[in-house]
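Enquirer: Sequence:
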Amino acid sequence: MNPFMATFRTGFLRGRTELKQTFTSGQDLWNYVFPTVTLLIVMFFMKGAAVPGTNFSLGSRTLPSAIGMGVAFTGMVTLAMGLAVEREDGTLLRAKAIPNGMLGYLIGKIVLVSGMVVCSQVLILVPSLFMLDGIDIKWFTLVWVVVLGLVATLPIGATIGSLFSNPRNAGLIMLPMIGLTAVSGIFYPISSMPDWLQGVAQLFPIYWLGLGMRSAMLPDSLSAVEIGESWRHLETLGVLAAWAVVGILVAPMVMRRMARRESGSSVAARRERALQRVT
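Residue numbering for the sequence shown follows UniProt numbering, beginning at 1 and increasing consecutively.
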């Protein structure tokens with residue numbers, strides 16, 4: 001077996017093991033269940049409202065948007081937080097000491113986060129199909145949007161996580177993420193917002209993931225409330241692919257730079273500062 005395949009196999013097995021462990025951890029199970037229940041409650045109360053200009057349920061329209069948001073949040077925030085935490089506790093330093101260890105570590109994280117995305121979104125989708133009306137799933141579109149969305153967002157998460165040595169500071173990314181979600185048409189059509197906000201939202205993956213998921217799960221007639229009255233598949237493909245290419249080029253460079261700075265003394269210093277905060 002060549003070195004790359006051995007590294008890929010090791011990383012895949014690591015990610016699969018970590019994914020299994022999330023189902024035995026109370027905190028991880030809470031992270032699966034709490035957002036799911038919250039979104040289901042929100043969509044239930046939005047069920048009686050209609051998308052402006054149509055008779056279609058706003059709750060049903062929110063479902064695919066929420067799934068797109070979930071892919072973006074998990075891809076960026078979960079990976080970023082995981083990298084920051086494992087940088088502080090020395091996991092990354094141990095990976096660095098193994099031949100191709102950083103590549104195997106990254107592959108493992110990609111497997112873990114991708115598995116978490118699938119599990120968490122299935123938890124939302126299945127009960128929603130019974131609770132909401134009008135969902136019309138086009139599976140091919142659903143698959144390519146999710147896969148391309150992960151390829152676009154995971155490198156962003158890896159880059160952000162590599163920039164923070166303190167996991168508590170990494171939590172700051174939630175603030176701009178919440179702001180982007182608010183203006184990206186996740187819970188209300190973006191076409192009703194000011195033009196300058198529409199332009200800002202369209203620069204980032206969250207909007208395009210939401211749009212792509214709506215095109216995969218809603219009747220074609222609902223495209224009338226979108227920008228340009230179209231699902232804009234080519235634009236979705238182009239923007240997500242552009243983010244994916246930039247991320248794939250930038251993330252490895254940032255991670256290599258971060259790994260070069262890791263040493264036993266830096267890990268010990270961060271651990272000492274963490275202990276001082278606790279005490």
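Think of the hints as simulated: they come from the structure by calculation, not from any bench. A quick note: this is a predicted structure, and the numbers were derived from the prediction, not measured. Please note: incorrect hints may appear among the correct ones.
[Said to hold, decoys possible] Derived SDA-like pairs: lysine to any residue, alpha-carbon spacing no greater than 20 Å straight-line:
{"id": "1", "residue 1": "Lys96", "residue 2": "Leu163"}
{"id": "2", "residue 1": "Lys138", "residue 2": "Leu237"}
{"id": "3", "residue 1": "Lys96", "residue 2": "Gln27"}
Enquirer: It remains to establish, for every hint, whether it holds in the given structure.
Expert: Hints versus structure:
A hinted pair counts as satisfied when its Cα atoms are at most 20 Å apart, and Lys96 with Leu163 qualifies at roughly 17 Å. For the suggested pair Lys138 and Leu237, the alpha carbons sit about 16 Å apart, so the restraint of at most 20 Å is met. Taking the CA atoms of Lys96 and Gln27, the gap is near 28 Å; set against the 20 Å cutoff, the hint is violated.
When held up to the earlier numbered hints, the structure conflicts with hint 3 and nothing else.
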